[in-house]
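Protein chains in written order, with our numbering: chain A, -3 to 407; chain B, 26 to 430.
By construction, these hints were calculated from the structure, which means they are not laboratory data.
No experiment lies behind these values; they were computed from the predicted model shown.
Errors might be hidden in some of the hints.
Straight-line alpha carbon distances no greater than 27 Å define the calculated DSS-like cross-link-like pairs of lysine-lysine that follow [said to hold, decoys possible]: (1) Lys383(B) - Lys249(A); (2) Lys263(A) - Lys46(B); (3) Lys249(A) - Lys388(B); (4) Lys62(B) - Lys137(A); (5) Lys252(B) - Lys194(B); (6) Lys312(A) - Lys263(A); (7) Lys229(B) - Lys194(B); (8) Lys312(A) - Lys337(A); (9) Lys46(B) - Lys312(A); (10) Lys383(B) - Lys252(A); (11) Lys252(A) - Lys388(B); (12) Lys193(A) - Lys62(B).
Quick partial rundown of chain A residues pointing at chain B, CB under 8 Å, derived from the structure [as the list claims (entries may be wrong)]: (13) Phe28; (14) Glu169; (15) Ser302.
Glycine included, each C-beta is placed from N, C-alpha and C at the ideal position.
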Amino acid sequence: MTDTIVIGAGLAGLTASIRLAESGQAVTLLSFGEGGLPLSQGTIDVLGYVENQPVRAPFTEMSGFIKAHPDHPYAFLSSTTISTAISWFTDQTAGLLQPSDETNHFVPTALGAMRPTYLVPPSMVFPDVPRFAVVGIQQIKDFSPGLIAENLTRTANIQTRPYWIDLPARPGEVDSSPVHYAQALDNPDFLSRFVDKIVATIGDEDAVLLPAILGLHTDAHSRLTEALQRPVVEVIMAPPSIPGIRLNNQLVKRAKEWGVRVVLGSKVTGFTATKDHITSVTLHQAGRDQTYSGDNVIYGGGGFESGALVVDSYGKVREALFDLPLAGADRLDLITGDYWKPQPLFEVGVIVDPSMRVVDPGKPKKPIYHNLYVVGGLLAGAQRWIEKSGDGIAIASAYQAAESILGGDRS
Amino acid sequence: MTTAHDQHDLLARMSLDQCVKCTICETHCPVMAVTPKFPGPKFVGPQAERYRHGDSVDQSLDYCSSCGTCTLVCPQGVKIAEINSQARAVMKKNHMPIRDRIISRTTLLGKVMTPIAPIANWKLSLPPVRWFIEKLFGIHRHAPMPKAGSRTFSSWWKKHTPPTPTRGKVVFFHGCAGEFFEVETSIKTVEVLEFLGYEVVTPKQGCCGLALQSNGLFDSARTHVNKLAQQLNIEPGTPIIASAASCAGMLKHEAREILGMTDPTLTAVGTRVRDVCEFLLSLAESGDLPLDFQPINQTVAYHAPCQLKSQGMGLPALDVLRLIPGLTVIDSEATCCGIAGTYGLKKEKYAIAQAVGKPLFDKVIEVNPHLALCDTETCRWQIASSTGAEVHHPIWMIHQAYGLG
Ligand SMILES: Cc1cc2nc3c(=O)[nH]c(=O)nc-3n(C[C@H](O)[C@H](O)[C@H](O)COP(=O)(O)OP(=O)(O)OC[C@H]3O[C@@H](n4cnc5c(N)ncnc54)[C@H](O)[C@@H]3O)c2cc1C
Ligand code: SF4
Ligand code: SF4
Ligand code: SF4
Chain A
-3 MTDTIVIGAG LAGLTASIRL AESGQAVTLL SFGEGGLPLS QGTIDVLGYV
47 ENQPVRAPFT EMSGFIKAHP DHPYAFLSST TISTAISWFT DQTAGLLQPS
97 DETNHFVPTA LGAMRPTYLV PPSMVFPDVP RFAVVGIQQI KDFSPGLIAE
147 NLTRTANIQT RPYWIDLPAR PGEVDSSPVH YAQALDNPDF LSRFVDKIVA
197 TIGDEDAVLL PAILGLHTDA HSRLTEALQR PVVEVIMAPP SIPGIRLNNQ
247 LVKRAKEWGV RVVLGSKVTG FTATKDHITS VTLHQAGRDQ TYSGDNVIYG
297 GGGFESGALV VDSYGKVREA LFDLPLAGAD RLDLITGDYW KPQPLFEVGV
347 IVDPSMRVVD PGKPKKPIYH NLYVVGGLLA GAQRWIEKSG DGIAIASAYQ
397 AAESILGGDR S
Chain B
26 MTTAHDQHDL LARMSLDQCV KCTICETHCP VMAVTPKFPG PKFVGPQAER
76 YRHGDSVDQS LDYCSSCGTC TLVCPQGVKI AEINSQARAV MKKNHMPIRD
126 RIISRTTLLG KVMTPIAPIA NWKLSLPPVR WFIEKLFGIH RHAPMPKAGS
176 RTFSSWWKKH TPPTPTRGKV VFFHGCAGEF FEVETSIKTV EVLEFLGYEV
226 VTPKQGCCGL ALQSNGLFDS ARTHVNKLAQ QLNIEPGTPI IASAASCAGM
276 LKHEAREILG MTDPTLTAVG TRVRDVCEFL LSLAESGDLP LDFQPINQTV
326 AYHAPCQLKS QGMGLPALDV LRLIPGLTVI DSEATCCGIA GTYGLKKEKY
376 AIAQAVGKPL FDKVIEVNPH LALCDTETCR WQIASSTGAE VHHPIWMIHQ
426 AYGLG
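Based on the sequences and whatever the hints tell you, model everything.
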């Protein structure tokens, strides 16, 4: 009943599942827990920094970047594939992310830095106006309007003024999660009290910056913009990330709409294979192990943070499920003492051919299993959060793996 | 001296070190979403557990409904719900409300109520009686109460004549609710299995002790599990088919992960237990399920209960129901119905449970206000009493689609 088994419900696994299912495949998505999206900033990075310099137009710089980084995952994907994948992906988000104009957006963070990113929700577009009100809420920690205002004045060359409002999301609660505010702002009564507080507090600034809490299920951002009669901007905060949760919810919903069978909460702990063919994977369910088989397997297990890569106390790195050969794992300086430098450890990963099938770094011509594809955070050769490239890699590699499988089906 | 159970508790406890404070569990906890009284899984689970030495200093733990959603979504394998359940058992050891002892004894309730079912049901629906029960025992006057049937499953079973089997044997595990309160579901399950050609064996069986466990009465729960495992451990190698998803979960993993039981009989039984829809789906996958269903032209909401989701096998009922022509089944997408076993019965938690279930109730009413589907009995009672819809086990649809009545 399954054509393709996808392992991992992060950005990569969800992308691959949706692409295959919308093309008519029966997909089973197996994931231990949720992926990284609910923690992410809720925007999509493609390429944000090269050599510590912010990138204006990722696709203009892509060929140069690939040339300088021949082992980077982007080097296995063409610039065209990456851009096709990203624009296809934008459509899957049903308006949550707005179509790109080929340039990076620069959006403020909760520390008041301007961060490059490629696709943003309409609520994060930074308007070209001179004066901003930065509004914090007493009951939300990790969002300090004074700090943000001061830093933005320096980094974005704008005028800013910090304000505080005092409005508990729930009676008596002094320290609320952003989720509670987002849920409260889904409620029109709370939203209108929220508006009243802001109106009574701020001055005549041209735009308002607020923490990214503007509705979980409803578009509170549009209503707020209307009520305040000026642009309102959501500022990325520490997790839990409301824009990330919205994106995750939307992708899971899209996957289910296409009939993807989602099996959440159990780990894939083993597999069976003939010489070059994965025949089944073993899911460690409650009570017993259950095998799942399909024609192809896409593995989007993420990196160290999600347990797909593990490192022991001797510094030996291993891929946890299929024990796949890894590139970059044999260096002695996997971790350098300089916090701000790229850590070689994070470039360790799996190597693939252009179809996204896993190959041995020593014998890069022949896939190890002809039906095993690896996508996303497991791929070797990237400094994802320094380059701001992890999302683009996840989407493009997943799209490419799906295309390879579909191409194979068609022939 | 540490016992096997203590050592096991330590194992669940050790998983707290895997917590990276990502807050994913918090964003899914249905109780935290509706009340500020509960600070959430990350705090009450891995964080507070560090400070527990014996008794819990933080009483908010009791507001955890043990729905298991946090453990399900945690990407780091922290056994949050299990840590909470174990800590609650310690916390309540010496001050267990009499109410929690009574509602945990499902078999006893059933035995007492069955012979006098019409009277018991009538009495339990009377406001003054419910008001009195609330005052005396702390069971909220509007909380759903099981309706006892006037016959038990066993009385039907004794009289029924099975068709000649054409396939192997299966053991049927109905649980105590299936014996006393959800008799029709048990009967339909047996009839479907027999229609498929199986020889159904139903040993005498007691309660799985789940309600005792979720109320922190671990020792009594273990006694029940042990006895039940022995009762079901017949016909080695044959699947044990359960029509109560929560009881199946108890035998599959909760007894091991929460009660710390490692008894080999339990393991042998636990690995053989299949939820009935899980079983039917595996037949469908191997091409062994007849697919000549009669069409059912209806649209219904299906709610997958937490205790089924926490078995980590996806939503087999949804997959099987979608094989029936004409039937449109809408996944409720709701986390929890609020009842969480006996949680929503308690007077101090009734309002929370109703708020937890609200998105689900709204969905049921929106999709089809007359009929909804759900695999566990307490959740069915909760959905029915809060929406007015009839709520059936998914097997009812399969039974109907096979033309069995
Ligand atoms: C601290 C940090 C900051 C980052 N910042 C950025 C950034 O600013 N920009 C950027 O672009 N990228 C960033 N990244 C990279 C980010 O990880 C990727 O962008 C992207 O989210 C990876 O997606 P994924 O789908 O490959 O993996 P994940 O989102 O990690 O998903 C992996 C999934 O696989 C599941 N899984 C793993 N093993 C198994 C198994 N055996 N069985 C079943 N399921 C399994 C996990 O439960 C999880 O659901 C950052 C990463 C980290 C760690
Ligand atoms: S989801 Fe798991 S890792 Fe994340 S905060 Fe909760 S317990 Fe910790
Ligand atoms: S078991 Fe349920 S109620 Fe308890 S903390 Fe976890 S998600 Fe919340
Ligand atoms: S879950 Fe089922 S068997 Fe267990 S106590 Fe409840 S009704 Fe009885």
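Going down the list of hints, with the structure as the test:
1. Lys383(B) - Lys249(A): 20 Å, holds
2. Lys263(A) - Lys46(B): With Cα atoms ~20 Å apart, Lys263(A) and Lys46(B) stay inside 27 Å; holds.
3. Lys249(A) - Lys388(B): 16 Å, holds
4. Lys62(B) - Lys137(A): 19 Å, holds
5. Lys252(B) - Lys194(B): OK: Lys252(B) and Lys194(B) at ~22 Å, within 27 Å.
6. Lys312(A) - Lys263(A): 22 Å, holds
7. Lys229(B) - Lys194(B): Given that 27 Å is the threshold and the Cα spacing comes to 16 Å, the pair holds.
8. Lys312(A) - Lys337(A): Judged against 27 Å, a Cα distance of about 21 Å means the pair holds.
9. Lys46(B) - Lys312(A): Judged against 27 Å, a Cα distance of about 26 Å means the pair holds.
10. Lys383(B) - Lys252(A): OK: Lys383(B) and Lys252(A) at ~22 Å, within 27 Å.
11. Lys252(A) - Lys388(B): Distance of about 17 Å is within 27 Å: holds.
12. Lys193(A) - Lys62(B): The given pair, whose Cα atoms are some 26 Å apart, holds under the 27 Å limit.
13. Phe28: 7 Å, holds
14. Glu169: 4 Å, holds
15. Ser302: Interface hint status for Ser302(A): holds (6 Å vs cutoff 8 Å).
The structure agrees with every numbered hint stated previously.
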